[in-house]
Every structure is written in structure tokens, then in C-alpha cells.
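Chains as they are written, first to last, in this note's numbering: chain A, 4 to 328; chain B, 340 to 594.
It is possible that some hints are incorrect.
Said to hold, decoys possible - For lysine-lysine, the following DSSO-like pairs were computed, each having C-alpha atoms within a straight-line distance of at most 27 Å:
hint: 1; chain 1: B; residue 1: Lys-570; chain 2: A; residue 2: Lys-285
hint: 2; chain 1: A; residue 1: Lys-285; chain 2: B; residue 2: Lys-592
hint: 3; chain 1: B; residue 1: Lys-592; chain 2: B; residue 2: Lys-537
hint: 4; chain 1: B; residue 1: Lys-425; chain 2: A; residue 2: Lys-259
hint: 5; chain 1: B; residue 1: Lys-570; chain 2: B; residue 2: Lys-592
hint: 6; chain 1: B; residue 1: Lys-592; chain 2: A; residue 2: Lys-300
hint: 7; chain 1: B; residue 1: Lys-570; chain 2: B; residue 2: Lys-341
hint: 8; chain 1: A; residue 1: Lys-189; chain 2: B; residue 2: Lys-389
hint: 9; chain 1: A; residue 1: Lys-259; chain 2: B; residue 2: Lys-592
hint: 10; chain 1: A; residue 1: Lys-189; chain 2: B; residue 2: Lys-483
hint: 11; chain 1: A; residue 1: Lys-189; chain 2: A; residue 2: Lys-223
To be verified - Okay, the calculated bits of chain A under chain B, using three or more residues with CB under 8 Å as the criterion:
hint: 12; segment: 149 to 157
hint: 13; segment: 178 to 190
hint: 14; segment: 301 to 312
Since the hints were derived computationally from the structure, they do not count as laboratory data. Every value quoted in this text rests on a predicted model; they were computed, and no experiment measured them. We put the beta carbon where it would ideally sit given N, CA and C, even for glycine.
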Amino acid sequence: MPSKILVVLEQHEGKVRRVALEMLSLAQKLSGGAVTALTFGPDADQTPEILGRYGADQVVILTDPVFEQYSSDGYAEAVRQVQSTIEASAVFFPATAWGKDLAPRVAGLLDAGLATDCTAIDNGEGDRLVAIRPVYAGKAIATVHIDSPVQLFSIRPNIQPVVESQRAAQLLSVPVNLLAEQCRAKVVEERAQGGETVELTEAEIIVSGGRGMKGPENFKLLDALAAELGAAVGSSRPVADEGWVPHSYHIGQTGKVVSPNVYFAIGISGAIQHLAGISGSKYIVAINSDAEAPIFKAANYGIVGNLFEVLPALTEEVRKLKAEQ
Amino acid sequence: MKILVMVKQVPDTATRIRVAEGNASIVTDGIKWVINPYDEFAIEEALRIKERLGGEVVVVSAGPQRVEEAIRQTLAMGADRGVHIKTDEALDSHVVAQALAAVARAENFDLILTGKQAVDDDAAQVGPLVAVFLDVPQVTVVLKLEVDAEHQRLVAERELEGSIEVVELPYPAVITAQRGLNEPRYPTLPNIMKAKKKEVRVESLQALGIVPNVKVRTVSLSEPPERPAAKILTGDPVAAAHQLVELLHAEAKVI
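Okay, chain B solo, but in the shape it has when bound (with noise of 0.2 Å):
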């Protein structure tokens, strides 16, 4: 099996987000950046099926000089080599998505894999735009994938609102992992090593033949509301239950 895994670094889900002068973007001072958390359960589903079937995986990742980092990390878990589409641009996920298909399309992979939607912008719009510009099928927000390598297919299970979907499928295609599909591996201290000398290609929109027409445009950002103080009750708990159930009924209209 051949696959290709897609990455993007974001922040650090601990970040405090503040919104920089001029309401266009973010303040990035200080932020740790880190694999996007959905992202690391493509990458140990992609190891896992290598272990299992042999083949390579691949990491690609677009952004930054930073973003290297992020790649590193995932050669250290035990992918085999990267490529890393430096860009300083800010894009939206279609461009993103044409830049890694282009990417994808240089080789023939068997199975793409990403996380089901990136944490910062919570677009959950790359792999499926992936799919379509490489005209493959998807399932998206998997939580149990099997791959039938005799027939060139696969099953996987996808968590909807309160039930599960069963999809089947041939590949190439494209998968996007949910939490619970699996329990990523830390790096060890001798892959770490190896990572350093993995091969990572560095690639330009350019060369790839990528116009960065950004089609959704943020025209501006803002931090969110705070709420006015609570009102906070102490004391016997009877009591405190008493006047909390009054407050919602009677002040907030809740219950």
C-alpha cells in the first residue's frame, strides 16, 4: 500500500486566541504550534496498515518555513519521507486542496488519509475536495477502517449524530479519521534520529501549476463576547438548588 498522509500544523489546542490589530488574523506570538490532533490519527492509521501490508507513507503538509517541524515529527513516528509545499500565503481550502492533489496525483497512492477537520479552521472541506479533484471516492469522520487488499476495497464506519454508517468502497480513496479510530504513537528516541536524515522535498504552488485564487474570504476576525459575571450562589445545597432552579425558570427562561 501506498499512502499519501495530509497534515497541517496549527496551534496548540491550549492557545488563547487573541485577535491581532487590524481584525485580519490572529496574534502568533507565543503560540506552539503543533500536528493538527485529527491529523495524528491518519498518520498511525497509515503506519498501521504499512506494518500490517507493507508499502510506504508518505506525509505532505502546505504552509510555512514552521511547518517542516510538523512533518519531522511525523518521520519520527515512522513515515517514510516528506513534502512540504512552502507557502507564506494565507489560502483557503480549496487552493490547500489543489496544491495537495497535484501533490498526490505525481504518484499513484492507494489511499489518501487527513484528519476530519483541522482545528483551527474548522473547515472540514481538504479531504473531500481532495476526492473530488483526484476523482476518488471518500468517507469522512471514520472511526474503524479495514482494508480488504485482495480486492482493492475497503469498509469503513463513520460516526453520524447517534449512530454509525457502514460504507464500502474501492481505492484509491480518500479517509478522514475521527478520535477513536486508533491511539497514536509517541516517537522514539531512535526514530527521532532517523527522521533526521528522511527525505523532505520542498515544493512551490508554482511548480505545481497552483493559482492561489482564494475563493472564501475572511474579511474579518473577532474575539467572541464575554459573558456578563455569574451569579454565583453558596451555602446549604437544598437551598442553592432551590434559588438556581428559580433563576433559570423565572430570570433566564430556560426550563
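One chain only, chain A, in its complex shape (with noise of 0.2 Å):
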């Protein structure tokens, strides 16, 4: 097992990520040795009460107003100062935009192999990991070494269990020297974009329409049942393509990859590259009118029904679910 991790985490405002608990809590399971937090930016001070509740022995906390917009040369260098200062055999980033932003460039940087958007890692031989990682979109499983001295990985949102192990985590400070020129790409805005209530790759249900939905005004029936499932709303490449919902929605092999706990996937026939995308998903439930469609073959549940006279009942019969509770 190796002896030490750094996680290296984005928080906002004081918050992190659920992913950087499910993060903190692996590492926790495999490190022999001490597990070490690294976020950034003024309000980071704020953090580490719940990396510690959740697995951090140590926290770094890079305040300096240099780290106060992100920048992925700047960010990149201080994980490999913090990296070499406290030699860790194994670093994880969350497999998000910023985490797969942020990562190729510290591997690049400590010249170091890194293993994309992991959905499992298990201790190997020394302080060797494992990792597993879906290709081609989850068409196939690779399980992967990686040789070099430091080991890099990503680690998919929404997989990992979080576990509470109540540490009071050490405040570990460590000199990063970085002048603001070495932050050449540099964040000046960021804005949200409309539309989603709950980010697809981080939702634990997911609604999504397809062709069968007719038209862009149809989604308002996708929207009242995701509105009572408190889910997040997706959809097949072709109604994105058409402009019925924005490109954000598009779920696949050349769209987002979603690992749910429940994929409703309602008047979608189930393209193979579809299918690759929602393979992550722990149930599929298909709502088509056509027997025969491919999805039906993907999915745990199905029903075979006019979908305009299904959704609506199905929401009721959610709601009416949600008021015993």
C-alpha cells in the first residue's frame, strides 16, 4: 500500500465537492500512511473541519490571492512543489472539468503516468495501485499499472462510498513560490449555465428523453417527473443535435458519461453509443412503445406503453410514493 496520497481538491465559497469526500474516504482505505488534503484559494480555510471528518490526516491550504482564480499552469505547479515536499507515492484529482483539466498537466509536470476517470482502485504489490477504468466510453473495462515512481489518478464522481472517520485533520503548512506571471491561463469569469438543477455526471437520478418525446415542448413531462425524483434531466444525442435541449443534456459516448443510481431513459431506442454512456448506471429503466427496441436489452425495468400515457401516471404514482415517506 503506499504509504502516503495527496488529494488534490477544488473547493468554492468553502464547499467541496461530494466527489472530494468520495476521494478523501479511498484514500483512506488504501494509504498506509497519512492522507493529505491540497485545496486552493481564500475561502479554503474554511475546509478543513469536513476533510478531515471524511479522511484528511493533513490539509494544505493555499490561500495566497495568486490562488484566487484558477489557472491550470499555476494551480499545476503548486500541486508539484506541495508533491515534492511531502512525497507522496500516489495523488488523486477528481475526474471533473477541473480535475481532468488540472491533472495531465501536474503528470506532464512530475513526469508521472496518470489513469483517467478510475471507477475503482485497489492496492497492489508495494506501494503499487490498481486501477480500474472504463474505455471506449464503458464498451470495455481496462485495469491498468502505472510504472512510474508517483502514481497519478482521477477518480470518477458518484462511484466511491463517502465514510465518515472523524479525524480532526492537522493543518500542514508547506511554501509554494509561484508569481502571479506563472499563471498564464487565467480564469476571468465564470458564469452558470442555464437550465440543469442537478449536474448529470454527479446526479443519482437521471431522466432522460429521446426521440419518442416528439418534440422540445414534450420535456416539460420529463421535467415535472424529475422535479418529484429531486433528478437531473438528460437526454439522447439526436434531440440535442436538433436543438430541443441545449448540448449540456447529451448522454453517450461523445456526450456525458453518467453513473447513476437509477437512468430512466424514456422514448430513447438505446443506440450502442448511448447504451456506453448510461453502462455506469446501477438500474436502467426504459419507457418506449416499441417491444423490440435495444434498450429494452439494457435495462433492469421496463415498460412497454405509450410513453404520453405512462409519464404522467408514473410522476403521480412517484408523488403519491413521496407523501407516505
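Make one complex out of these two single chains by using the hints.
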């Protein structure tokens, strides 16, 4: 087992994503020594309590004004310096837009191998870790080893369990020398992208519509079901290409790859690219009028019927169930 | 603007992936090879920038003989010339990025574009690694790109989970493209004819000074487990909906 694991995570206004806690829980399970969390920005000083509760033995917070806005080259250089000080044998990043931007940059600086978007990590020989990662968007599963001294992994959100371990994390001060000029790519603005209430890649339940929805005006039926379930709304590729919904809804091999507890495929026939993108779902529910649609072969539960009759009935049944709970 | 576009040839997304005997590779018989879909957005963006500001678009790709066809397709879309790093070896992102960076270093490019990830290994590493090896900044998963040639700066919008991030940076730089950046063009017949005469220089890892030391090793490949046969409900929609909610609540315990 690795003697030390470094977990690199993002925070916004003192709040961390669930994937940060998933990474810390996993690191604590695998590590033979200290788990160190690293985060950035002026509000980072609000994070040590929660990071400790989920598995960090030590927390490094880089609160210098130079870290106020994300910069891929600046942050990567900072991670490199922290890593060379604490000498962790493995470094975890979240496989989010942020982590997937930063991790390969760090891999280049450390001359280290990186396994992207891992769904499982286990101990191997010595300080080596063994990672499982989907390839071809989940049409195949690879087991990978990293041969460089430092092993880097990005961890897919929504897979690892979150385990409370009630540690009081120690603040660790690590000197980092970074000049403003070393942050060449600088974030100058972040704005919300309307539409989704729950992010697809982090959602526990997804309600997704395809061509069978017949038109953009009918997506309100999905929105109603999603509201009852607390679910995110997605789509197949053709309806995003038609402009019925934004591109950010598109789930599949060339869109988002998702791993919810339940995925509702409604009016989606189940093209191979779509099935690849949803293969990480624990349960798949298909609703389609065509009993021969390939989606039923990938599903755990299905209703063959007219979705314009089934959907309102389903929404009502969920409402009743929630009222009882 | 002198622009380098890095492309990868991958199995068409409609391919059903089968693991070959030995669990080390996939069955390649009958695979239709295409340009990685995200790389097409990168090529299109390069061509549009060239049409606006002038310059040259060079395409580079690494892989076996068949990769030349992918390069010819980009030339038919309008790229000016190609570089083919010919190799039959199974490489990781690191080695490929070193080779691509060596090609980039030999000429001074203002901009280096590629897709946000290749849809085969889904590694999403080559763009940022090339940026590190060339010591230039990067922006990944880009939906919109503006070039300010007067000040040698870029403004890029990138997609995050549920939000858009606006990034400013000087160039030379590496940009990786996301769906939504543009709508790639189809090659026209005259351009397909012209593409046959355009230069595709062949390079080798050895000539580029690259030792293929793979850092990330795939020890085995498997096909995902099949799901058990579905419970299919038919008949009255209200009764079916009721039954489904019961199953999801009591059996699957997910709602």
C-alpha cells in the first residue's frame, strides 16, 4: 500500500464537492500512512473540518491571493511543489472538468503516469495501486498499472462510498513559490449555464428523453417527473442535435458518461453510443412503445407503452410514494 | 496564424467493442476507422481561424499506416499539409504527447488544437501534456474561442459542470475542443482531389528522439458484465406505472 496519498480538490466559497469526500474516503482505505488534502483559494480555510471528517489526516490550504482564480499552469506548478515536499506515492484528482484540466498538466511536470476517470482503485504490490477504468465510454473495462515512481489517478464522481472517519485534520504548512506571471491561463469569469438543476455526472437519478418525446415542448413532462424524483434531466444525442435541448443534456459516447443509481430512458431506442454512456448506471428503466427497441436489452425494468400515457401516471405514482414517506 | 491540429484515428462510435483473446487488446477486424469526433471540431476551428486571419494549418497524427487516411481526410477538409508519426506500437498518452511536442517544437506554431479527449482510451491527456512539454498555457473543453491577433491573446470559454468558465491567456497555447465549438464541414469534391497532392511527411519515433517508455500499462481488458434480463411491464399504463414504482422502491430500493 502507498505510504502517503495526496488528494487534490477544488473548493468554492468554502464548500467542496461530494467527489472530494469520495476521494478522501478511498484514500484513507488504501493508504498505509497519512492522507493529505490540498486545496486552493481564500476560502480554503473553511474546509479542514469537513476534509478531516471524511479521511484527511493533514490539510494543505493555499490561500495566497495568487490562487484566488483558477489557472491550470499556476495550480499545476503548485501541486508539483507540494508533491515534492510531502513525497506522496499516489496523487488523486477528481475526474471533473477541473480535475481533468489540472491532472495531466501535473503528470507532465512530475513525469508521472496518470490513469483518467477511474471507477475503482485497489492496493497492488508494494506501494503500487491497481486502477479500473472504462474505455470506449464503457464498452470495455481496462485494468491499469502505473510504472512511474509517482502514480496519478483521477476518480470518477458518484462511484466511491463516502465514509466518515471523524479525524481532526492537522493544518500542514507547505511553502509554495508561485509568481503571478506563472499563471498564464487565467479564469476571468464563471457564469451559470441555465437549464440543469442537478449536474448529470453527479446525479443519483437521471430522467432522460429521446426522439420518442416527439418535440421540445414535451420535455416538460420529463421535468415534472424529475422534480418529483429530485433528478437531473438528460437526453439522447439526436434530440440535442435537433436543438430540442442544450448540448449539455447529451448523454452518450460523445456526450456525458453518467453513473446514477437509476437512469430512466424515456422514448430512447438505445443506440450503441447511448448505451455506452449509461452503462455505469446501477439500474436502468426503459419506457418505450417499441417492444423490440435495444434499450430493453440493457434495462433492468421496462414499460412497453405510450410514454404520453405512462409518464404522467408515473409522475403521479412517485408523488404518492413521496407523500407516504 | 500558424496552427497545428493533433488528430487521432479511432474506431467509429457505432463499433461494438470486442475484447480479443488474451484480454490485452480489442478485435480490430471489420472496424471502421474515423477521425476522433472531438478532433473534427479542432480542425474546423483551425480552418476558420485561418480563413479569418490567414496562415497555415498543419495536421499531425501518430499511428500505423491506416492513419494516413485520417490525415488525408483533414487535408480534404482544407488543412494545408500533414505529418504522420508512423508507429505500430501501443503507446500511452505520455509517449504520444512527447512525439507530438517534438513535431510542434521543430516549427513555431501560434496555436495547437486537438479534441477534448479521444473516444477510444478516453484519457483526455494529450493536449495538456503537449502544453507542458512545450511550456505553453492550455484551455481544455472549449466551447468558444476568440483570437486577438493584435495582442497575441486568446479568450476561451470552457464547459464545467453546469457552468461556463471564461479564460484569458497569451498564445502560443494548446486548446482542446468540445462539441458545440462549431459545426465541422464536409470535404468538397475539388478539395478531395487537391488533398491527394498535398504533402504528408512521414516521421518515426526514433527520428524524433522519442524512447517509447510507457508509464500507464493496460494489464487486461474485459467486456462489461451483461445485465440480467429486464422485468418488462405491459398493459394499462397506470397499473404499469404503479408496479414500476413498487419495484424501484421495494426491490431495487433506489427511490
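Would you list, in rising numerical order, the hints stated earlier that this structure does not obey? Violated hints: 3, 4, 7 and 11; rest satisfied.
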